[in-house]
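Protein sequence lines, in the order shown, are assigned to chains Z and P. The first sequence begins at 90 in the working numbering and counts up by one. The second sequence begins at 1449 in the working numbering and counts up by one.
No wet-lab data here; the hints were simulated from the structure. The structure displayed is predicted, hence computed values, not measured ones. A hint or two may mislead.
With the C-beta cut set under 7 Å, the calculated list includes, among others, these residues of chain Z facing chain P [stated by the list, open to error]:
#1 Phe101
#2 Glu130
#3 Ala167
#4 Gly193
The C-beta atom is built at its ideal place from N, Cα and C for all residues, glycine as well.
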Amino acid sequence: GQQLNQSPQSMFIQEGEDVSMNCTSSSIFNTWLWYKQDPGEGPVLLIALYKAGELTSNGRLTAQFGITRKDSFLNISASIPSDVGIYFCAGTPSNDYKLSFGAGTTVTVRA
Amino acid sequence: EAGVTQSPTHLIKTRGQQATLRCSPISGHTSVYWYQQALGLGLQFLLWYDEGEERNRGNFPPRFSGRQFPNYSSELNVNALELEDSALYLCASSFQGRPYNEQFFGPGTRLTVL
């Protein structure tokens, strides 16, 4: 599948902070999805994006489908301890049909 | 609505044995996907089944196989287990067999090979 570059690899954040992570690709994507995985559990779909420029929120989470269609961003506002986990981006390139996953961003919150 | 379910939760096998993992998709979903997630690593695509047929497979040896039943549930079989097969195996399902549709994951089966 297509390689997605997700950054940062990990982050320590202070409770109450706003944080951002992003995902980039060398080719154009038709779909961007963001998942969160808690330890020992399966990933949970947070936000799905289908149009370039699309900005979608889910509570304190906001994700955007980049205008170039080669990137996506996820923002978490006012972090709380339960935001701890691994966040994965995923997407489908325009020349393929398989869903590709980024390597994940591990978020740890300092109380 | 019930989510994707997987069984067993944990499975312990010894090298050389066979493992069978099971997955039930969300009602109405026809596609099932299998992923391997080794400790601390990302998700590696294994297999995609839709309408009872294998549609695609990832870069894994033939000893990883599976099937999808008429009720859309699925089995993943791993033969001749090796130590490096130890991982969390995740099943996901989606609607209409279109991979770029949103995939919903089950809780996973933790396979340990001793």
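Comparing the hints with the structure gives:
Nearest Cβ of chain P to the Cβ of Phe101(Z): about 17 Å, over the 7 Å cut. The hint is violated. For Glu130(Z), the interface hint holds, the least distance from its beta-carbon to any beta-carbon of chain P being 5 Å, beneath 7 Å. For Ala167(Z), the suggested interface contact is broken, since its CB lies about 26 Å from the closest CB of chain P, more than 7 Å. For Gly193(Z), the interface hint holds, the least distance from its beta-carbon to any beta-carbon of chain P being 6 Å, beneath 7 Å.
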